[in-house]
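> Could you build all of it, start to finish, from the sequences and the hints given here?
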Amino acid sequence: MKPIIKLKNLTKKYGDFIAVNNLNIEIKKGEIFGLLGPNGAGKSTTILMLLGLTEPSNGNAWVCNYNATKNPIEVKKHVGYLPDNLGFYNNRTGLENLIYIARLNNIPTEIATKKAKELLTRVGLDNNANQKVGTYSRGMKQRLGLADILIKNPSVIILDEPTLGLDPKGIKEFLQLIYKLSKEEGITVLLSSHHLHQVQQVCDRVGLFVDGNLIAQGDINTLAKSIFNEESHTIEIKLKENHESNLNTIKNLLIQNKLASKVSIISEKLIINCSDDNTTPIVKSIVNANFNINHLHVKSYGLDDIYQRYF
Amino acid sequence: METINKLKNPVFKSLETLKYTFKGVNTPQQTHPFWVMVQKDISDHVRSLRFIILIVLIILTCFGTLYNAMSHLNEALHNTKDPNNMFAFLKLLTATDGSLPSFLLFMSFMSPLLGISLGFDAVNSEHNSGSLVRVISQPIHRDYVINAKFVSALTIISILFFSLSFIFIGFGILFSGLTPTFNEFIRIMAFTTLTILYVSFWLNLSILFSIKFKQASTSALTCIGVWLFFSVFYQIIINIAAKTFIPERASQLDKVINIKKFFSGLLNIAPNQLFTDASTTLLMPSVRSLGPLSFTETLGAIPSALTLTDSLIIVWPQLTGLIAATIFCFALSYYIFMRKEIRP
Chain A
1 MKPIIKLKNL TKKYGDFIAV NNLNIEIKKG EIFGLLGPNG AGKSTTILML
51 LGLTEPSNGN AWVCNYNATK NPIEVKKHVG YLPDNLGFYN NRTGLENLIY
101 IARLNNIPTE IATKKAKELL TRVGLDNNAN QKVGTYSRGM KQRLGLADIL
151 IKNPSVIILD EPTLGLDPKG IKEFLQLIYK LSKEEGITVL LSSHHLHQVQ
201 QVCDRVGLFV DGNLIAQGDI NTLAKSIFNE ESHTIEIKLK ENHESNLNTI
251 KNLLIQNKLA SKVSIISEKL IINCSDDNTT PIVKSIVNAN FNINHLHVKS
301 YGLDDIYQRY F
Chain B
1 METINKLKNP VFKSLETLKY TFKGVNTPQQ THPFWVMVQK DISDHVRSLR
51 FIILIVLIIL TCFGTLYNAM SHLNEALHNT KDPNNMFAFL KLLTATDGSL
101 PSFLLFMSFM SPLLGISLGF DAVNSEHNSG SLVRVISQPI HRDYVINAKF
151 VSALTIISIL FFSLSFIFIG FGILFSGLTP TFNEFIRIMA FTTLTILYVS
201 FWLNLSILFS IKFKQASTSA LTCIGVWLFF SVFYQIIINI AAKTFIPERA
251 SQLDKVINIK KFFSGLLNIA PNQLFTDAST TLLMPSVRSL GPLSFTETLG
301 AIPSALTLTD SLIIVWPQLT GLIAATIFCF ALSYYIFMRK EIRP
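Same order as they appear, the protein sequences are chains A and B.
Under UniProt numbering, the first residue of the first sequence carries the number 1, and numbering increases by one thereafter.
Under UniProt numbering, the first residue of the second sequence carries the number 1, and numbering increases by one thereafter.
Just so you know, the hints here were simulated from the structure itself, not pulled from any lab data.
Where is the CB? At the ideal position from N, CA and C, for every residue including glycine.
Some hints could be false.
To be verified - Quick list of in silico lysine-lysine cross-link-like pairs, BS3-like style, CA-CA up to 30 Å:
{"#": "1", "chain 1": "A", "residue 1": "K251", "chain 2": "A", "residue 2": "K240"}
{"#": "2", "chain 1": "A", "residue 1": "K132", "chain 2": "B", "residue 2": "K261"}
{"#": "3", "chain 1": "A", "residue 1": "K299", "chain 2": "A", "residue 2": "K238"}
{"#": "4", "chain 1": "B", "residue 1": "K340", "chain 2": "A", "residue 2": "K6"}
{"#": "5", "chain 1": "A", "residue 1": "K13", "chain 2": "B", "residue 2": "K214"}
{"#": "6", "chain 1": "B", "residue 1": "K40", "chain 2": "A", "residue 2": "K70"}
Stated by the list, open to error - Footprint (simulated), chain A over chain B, 3 or more residues, beta carbon under 8 Å:
{"#": "7", "segment": "33-42"}
{"#": "8", "segment": "136-149"}
{"#": "9", "segment": "186-196"}
So this is what it looks like as structure tokens:
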């Protein structure tokens, strides 16, 4: 199957500063792809190039088989974009805002009104349809934003920091809404965020963005492996015995048997790094060497550690 | 025409819709996105408090000056030395006792204000609220945004000034019992068109600043600064410069005249000067030249009114100048806006 979004060697420079460097991503139809990265990593710039709002310095962006730089109008017909600051007209009602956008998409007023009302019900704003957007809470605006991008029947939706400023419950509801949409209607979703935990909940795949470079992409497990290649498993052990005096003994024991690659002491715990899940043999050999274990914790690298490393 | 239509030009699209309407055929209900944007901008303007305040101000001006002119109409009309006393109705717009400026003067003062107030936050306020990004991520061309801003404000100004003129004429007829001749009517309409043109110059200048400056207050202040510069300081500066260049002893008359012509030319390119010159010529038919005339040129001239065509010929350079200034500002804002990177 042909990818619905294809970025090839996409580069954007502002003078000497490289905002996006040689980006290559392919996203399949119906996928939820998360662009992860700290602030200023080039996520928004990438999105702007996808929509044809900014010209890339080099490379191409293809969306729905249209070149985003050369044919932005066609791309924008198929892509719904929700910027992080939403940008509704505060002095207009939610319904009016939706109808305006629908009419800009060449939808006749009557159909637009009908559709806007349907969508407002769907995102749970039917009671606030005739209220001015200025009176909406952040969460309501965010849901209105979702209705706003759905009104043009997009095949791709792009969300820039969609969970920004929402409370935990709001985040959960909003992400579930996105997930449902994508799975039910086969809409491809590209969302950017610096909240890794939230992205983890809904994304099929993520791309990790740091300083304009895509350093890894794939599902969360692949990501962890590719970043922490051989040290993907860590075992924390607390012994009854003194750690310092026994460190060498344990080191010899484990490394010579090729069970672990590294043994160290961090904050009164023995940290054992190994490539595969060797927990049972390691514990067995420690116990057989007559040590008493007080505490055992197996850490597999998750987003937390990715977070620690790059953010 | 067909090639233009192929470009999906919104103007021709709407003409097509009109054609359908005249034929009585039901048109497809959708409006071209460009006109949707124009509609929205117009309703934004009309709903805004600042526009209502300005309208109230302008209507007050209208009635104030009308009242003022009425009370002095008698004197003005009995002054037989004045070659303009044939044009009684035009007197309503220009007559004054000195305590309150005439309608003409008020207009030259209010028009820039109206133009600036309609445009100074056209682009930057939308940019700051983020709605600009949302709108241009819809399938529309980017220039629709700025074109819609201009067309909507121009529509409002045109409707406002034409209705104002008609109201003025109507009340003038009611209160004074005079009826305008056809000639006078055309002159007033030409003056109205000129005013609209003048407002649209300031409108475009303020749109330009609204693209250039991120803060609406900065762009408003800059616009007012430019306006003050042209209406107050420009003349002073040119006069000072002229004084230093014109030799005191008039030994070479030709040279002095050339220098004078140059400086008066400089004075005349100020937009407010263009407007004042053109409107004076239109409303006071006796004005026969806007530049310095030599003695031989004025010799034997009878102080009488010019015909409408002659007046129009005299104001033609002023009109062209204003149009050029307006187009220049628009072209510049168009260029800057199209190249501007719009980030959320």
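> If a hint holds in the structure, say so; if it doesn't, say that too.
Do the hints match the structure? See the list:
no. : hint            : result
1   : A:K251 x A:K240 : 17 Å, holds
2   : A:K132 x B:K261 : 59 Å, violated
3   : A:K299 x A:K238 : 14 Å, holds
4   : B:K340 x A:K6   : 26 Å, holds
5   : A:K13 x B:K214  : 23 Å, holds
6   : B:K40 x A:K70   : 29 Å, holds
7   : 33-42           : holds (count 4)
8   : 136-149         : holds (count 6)
9   : 186-196         : violated (count 0)
Checked against the numbered hints above, the structure violates hints 2 and 9; every other hint is satisfied.
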